[in-house]
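There are 2 protein chains.
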Amino acid sequence: MRKHTISVLVENQFGVLAKVAGMFSARGYNIESLSVAETLDPTISRMTIVTRGDDQIIEQITKHLNKLVPVIKVSDLTGTAHIDREMALIKVEAKEKNRAEILRIAEIFRGKILDVSPTSFVIEVTGDDEKIAAFIALLKPLGIKEVGRSGKVAMGRGSKTTD
Amino acid sequence: MRKHTISVLVENQFGVLAKVAGMFSARGYNIESLSVAETLDPTISRMTIVTRGDDQIIEQITKHLNKLVPVIKVSDLTGTAHIDREMALIKVEAKEKNRAEILRIAEIFRGKILDVSPTSFVIEVTGDDEKIAAFIALLKPLGIKEVGRSGKVAMGRGSKTTD
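Same order as they appear, the protein sequences are chains A and B.
FYI, in my numbering the residues of the first sequence are 1 to 163.
FYI, in my numbering the residues of the second sequence are 1 to 163.
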């Protein structure tokens, strides 16, 4: 049950997310993460969906997606050269004795400090699964209060496009 | 019709996204962007939904979301002190004469170069709507080939949490 990252271009019309999410749900396919937002052309949105399944299941998902009316193009990026990144916002307790260490960890991970209060930091970090997991694992013993993750955004390497 | 950023904690169970997206669609509320991914507790996911509406509509959306079974908590972050950020991946044409300028623009926006080919760059940038729009506007005349955006991730400022 390999993880697959599927990029879906859809017409930015009313109810398109409900159609796509409904197809996954009705057919019993799970969605691990999903992000959707406008592309450069505001009439077209791109969804990045992370799901798990063997080759047969992924083929079925791709087929069903292609049949949905507002879907323009489906690309399974898994197995092709691609970038696969996520943004996480992490609110961490900032006790006096931990503040320097938190800032050091953030620096190593090229994190950005977005908010500082007397008792907390909010740090933004971007990267692949492993990097974000490692960052969270390092901060966890210091006291994580809240985590918000964007879900994956994926793009093929090189000059080719999935548009 | 103000933009609202709504943070929704849901049980990470099968079909939850279809339920939420279906509620928006069935009741005629639009979703401008959405991101969903696990929180620190893998049984709980956080959705960040950007939608538009007057106060009455947003109140209705919040009510309907609260009624959905897998929904744990709904917070409308609009009007409270919060961070509201997005990640964008931008593939831009890298003609010889433009390469230095693209790198300069990326540096100003604290962008990260994720991929380089003889004819293209992929640049990651994070920020609020305005920053991402300004970055895209600067790169557009140089030739943008592809844009992938994560949708918003939002978090209250200070040490309070929405969990």
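It cannot be assumed that every hint is accurate.
Said to hold, decoys possible - Label-pair restraints from in silico Cβ distances:
| # | chain 1 | residue 1 | chain 2 | residue 2 | range |
| --- | --- | --- | --- | --- | --- |
| 1 | A | D55 | B | K63 | 26 to 32 Å |
| 2 | B | K73 | A | R27 | 28 to 34 Å |
| 3 | B | E101 | A | P118 | 40 to 46 Å |
| 4 | B | E11 | A | K131 | 26 to 32 Å |
| 5 | B | N66 | A | Q56 | 25 to 31 Å |
| 6 | A | G143 | B | D54 | 37 to 43 Å |
| 7 | A | G53 | B | E101 | 41 to 47 Å |
| 8 | B | K140 | A | A134 | 34 to 40 Å |
| 9 | B | E101 | A | K131 | 40 to 46 Å |
| 10 | A | Q56 | B | F14 | 18 to 24 Å |
In case anyone wonders, no lab produced these hints; they're calculated from the structure.
Small disclaimer: the values here were computed from a predicted structure and weren't measured.
Note that the Cβ used here is the ideal one computed from N, Cα and C, for glycine as well.
Hint-by-hint comparison with the structure:
1. D55/A / K63/B: 26 to 32 Å: violated, 43 Å
2. K73/B / R27/A: 28 to 34 Å: holds, 29 Å
3. E101/B / P118/A: 40 to 46 Å: Given a distance of about 42 Å, which is inside 40 to 46 Å, the answer is holds.
4. E11/B / K131/A: 26 to 32 Å: holds, 27 Å
5. N66/B / Q56/A: 25 to 31 Å: The hinted range 25 to 31 Å is violated for N66/B and Q56/A, with Cβ atoms some 39 Å apart.
6. G143/A / D54/B: 37 to 43 Å: Since G143/A and D54/B have Cβ atoms about 39 Å apart, the given range 37 to 43 Å holds.
7. G53/A / E101/B: 41 to 47 Å: holds, 43 Å
8. K140/B / A134/A: 34 to 40 Å: Roughly 35 Å apart at Cβ, these two residues keep to the hinted range, so it holds.
9. E101/B / K131/A: 40 to 46 Å: Given range 40 to 46 Å: violated, Cβ gap about 29 Å.
10. Q56/A / F14/B: 18 to 24 Å: holds, 20 Å
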